[in-house]
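Q: Protein chains in written order, with our numbering: chain A, 1 to 256; chain B, 1 to 240; chain C, 1 to 251.
Rather than coming from a laboratory, the hints here were simulated on the basis of the structure.
Treat the hints with caution; some may be incorrect.
[Said to hold, decoys possible] Listed next, the in silico DMTMM-like pairs over lysine to aspartate or glutamate satisfying Cα-Cα at most 20 Å (straight line):
id: 1; chain 1: A; residue 1: 12; chain 2: C; residue 2: 98
id: 2; chain 1: C; residue 1: 130; chain 2: B; residue 2: 82
id: 3; chain 1: C; residue 1: 28; chain 2: C; residue 2: 98
id: 4; chain 1: A; residue 1: 101; chain 2: C; residue 2: 230
id: 5; chain 1: C; residue 1: 219; chain 2: C; residue 2: 230
id: 6; chain 1: A; residue 1: 101; chain 2: C; residue 2: 98
id: 7; chain 1: A; residue 1: 196; chain 2: B; residue 2: 39
id: 8; chain 1: A; residue 1: 12; chain 2: C; residue 2: 94
[What the hints assert, rightly or not] Computed footprint of chain C on chain A; a stretch qualifies when at least three of its residues, placed anywhere within it, have a C-beta under 8 Å from a C-beta of chain C:
id: 9; stretch: 52–64
id: 10; stretch: 73–86
id: 11; stretch: 122–135
id: 12; stretch: 163–177
Even glycine gets a Cβ: it sits at the ideal position worked out from N, Cα and C.
Residue-level listing of the chains:
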Amino acid sequence: MNILSLVPVEWKKIRRSKIFFILVLATVILWIPSILNADFNFGMQAEGISPENNFFIQGFMAMAWFIFPATMVVITVLQNQTERSNHGILKMLALPVSTAKLCMAKFIVLVSFSAIQFLMSIGMYYVSAMIAGSMQNYNFMLPPFFIFKEVGMMWASAIPMLAFFWLLAVCIQTPIFSIGIGLTSVVPSVLMINTKVWFAYPMAYPFFVITSEYGKLATNLEMDQVELIPWLPVAALITVVCLMISCIRFGQAERR
Amino acid sequence: MSFVLELRKVKRTGFLPAFLSGGILAAAVPALNMAFRSEMYVGMNAAPVNILLDANWQMMSMLNILLVVAGACILYNTEYADNAIQRMCTLPTKESTMFFGKTAVLITVSILLLMIEAVSVFGCSIHWFEESADLYMETLKNFGFFLMLMLPTILFSLVIASVSKNMWISLGIGVVCVFVATMIPSQNFVLTLFPFALPFLTLESHTADVIRNYTVAGAVETVLIALLEVMILKVRRSFE
Amino acid sequence: MNIIETKNLTKTYGGFAAVSGLNLHVPKGTVYGFLGPNGAGKSTTMKMFLGLTKPSGGSFVIDGKHFPGDRAQILKEIGSFIEAPAFYGNLTGEENLDIVRKILGLPKASVSEALEIVGLTQHRKRLARKYSLGMKQRLGLASALIGKPPILILDEPTNGLDPVGIHEIRTLIRSLPQQFVCTVLVSSHLLSEIELMADNIGILNHGRLLFEGTLDTLKRNAAAQGYPTDNLEDTFLALIDADNQQRGGAR
């Protein structure tokens, strides 16, 4: 049984688990303030950013800073709860399948959820750009190629963070604590992106990427730019270590 | 009496360690911020406590609110998880007594939380800034104000936690509320009255008049939310 | 030929020995009844066979394969049902079985077959969370039987069933060796139940094996030692009681 054929099985397990509902809710809540505050976008002369760029970047900055990490934390825990609440995991452990593969298949499902959330956000972005545009009589829409490029970068940079959240959900048995630690770990990312060692803190990656894009779009703002060294090696190391520990720890508590 | 009972119920749930470690984490925020980039703040022309709070309170209060939300969920989850609440309801005590017992517990640990943070802010002021005579009073005044504005948040989180038997729903609503609160512009008086937005305010960011209004509003909200819970419990009883 | 054999199998938790020095012999193609009061170590032994818990000492061989080296191979041959039924509450009975089917790489038809065997066909579209205790139990059995594995490990499969259900499951288990050509290891704390299903029995108390053999041998031994034999339940109780006495009256 290889990992790829396990992924559909893992998809099936989270049926009716309200994960999609959470994703939709988070995305909708994210864009409502952007629509309501659309007129703010015209007062950004000091920063030197065009209204349409500002509309896009502010929305995705809010997403990267809190609502996206928070939904991912909740989803990791929900994924694990489906296994634990009715001892589903016991059945899995008694089947001829390696726990490391199960663990990785679940992680792949998590990564695809994050992709879905970003895709939904792009959809909601265009919907809200349309609504805000007709309210303000201004065209807020940006070309899809640009949007997909920016969002794709954020998504890729989020993978080490997802690996860390996955580690938390696997290793901490009490769900409220894995959620609590996950959420609190998100908060300091505002502080971390302003320091020299931001690359050591995976929760800050997507937020850092989008703020540095903000710096590029706003001519009068100086933001730290992404430097691939030492970021890439550190990020890769964090991801691999987190995933390795989770694969080792997965199902251990049920096998004492 | 019900305070002691409620305190006993959170045994081994990790409630107290969570608040202790959360408090230490929040207290570490100003210290780390200063350690990393004190040059940004030392030269500023304002009272040290205000500089520190201006730079860090946003993050510290966010941690506080998340802790309060999670704490409220834990407090009620012990009732709902194995249906203990059913037994409680068949005992000669009121559900509202239980609610206020839990409120007392949550307020107590929140005071503990704020105290740890106050010590840290105080320590940072002494370490990185010149000592000033009224530092004591300033710290006390600020954290007294924070406690006042945290009361509605505490009660509101408990209301949310008590309404749903499924902890995940309460926690989800709580997290969404926290997020909404972070999106509220701090200069809009009416919007900042949202219970989850109040703890983000600092004394320095508003004039004395506005601060007085906030203090009154916080007290009124606290009472109103308490009444709301009593009503919710009454209505729920009549439907069960 | 023995399909399951253990050698001095031991499991200790801290200072407490849940299973100590166990030597089991389960012959191929039979129903083996595993008997003992609550907490005697039946579940622990079965969990060790499935790799759900590591032995602290000793070893076991299942169909010529060793643990943990041949874990996947062993698990491919075993259908299992351990303690409280394990399932996904948010999925229907059918979807639950489908997950197990995919992992085992079985044909699609095996799901409906398993549902039919345990009599859940008409409830297959219902959420497992909403099943009654008996239906959950049947679902657990179905997920053990799916694909007709050569070895079945069933831990108290009749727990929580009504008398009719108990009778059905018993008859089913009794018929399994002929129907599927398989070996069944089934545990219970009721001798009266094991009596109706098993060819061989092993009696466990405080982690130690008190007796292993056929029912007839048990009766003969008991009579020789002066235990009551007209009612098997009494024989069992006397046997356990004598062992407890010997251990210094401690339960």
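Q: Evaluate each hint against the coordinates.
A: Against the structure, the hints come out as follows:
1. Taking the CA atoms of residue 12 of chain A and residue 98 of chain C, the gap is about 9 Å. The hint holds against a cut of 20 Å.
2. The straight-line distance between the Cα atoms of residue 130 of chain C and residue 82 of chain B is roughly 18 Å, inside the 20 Å bound, and the hint therefore holds.
3. A C-alpha spacing of about 29 Å is found between residue 28 of chain C and residue 98 of chain C, which places the hinted pair above 20 Å, so the restraint is violated.
4. The straight-line distance between the Cα atoms of residue 101 of chain A and residue 230 of chain C is roughly 54 Å, outside the 20 Å bound, and the hint therefore fails.
5. This hinted pair checks out: residue 219 of chain C and residue 230 of chain C have alpha carbons roughly 9 Å apart, not beyond 20 Å.
6. With a C-alpha separation of about 19 Å, the suggested pair residue 101 of chain A and residue 98 of chain C falls inside the 20 Å cut-off, and the hint holds.
7. Restraint check for residue 196 of chain A and residue 39 of chain B: the C-alpha separation of about 14 Å stays at or below 20 Å, so the hint holds.
8. With a C-alpha separation of about 12 Å, the suggested pairing of residue 12 of chain A with residue 94 of chain C holds against the 20 Å cut-off.
9. Judged by the Cβ-Cβ criterion of 8 Å, the stretch 52–64 of chain A is not covered by chain C as claimed, because only 0 of its residues qualify and three are needed.
10. Only when three residues or more bring their CB closer than 8 Å to a CB of chain C does the claim for the stretch 73–86 of chain A stand; here the count is 4, and the claim holds.
11. Counting residues of the stretch 122–135 of chain A whose CB falls under 8 Å from any CB of chain C gives 0; the rule of at least 3 is not met.
12. With a cut-off of 8 Å between beta carbons, the stretch 163–177 of chain A has 0 residues touching chain C; three or more are needed, and the interface restraint is violated.
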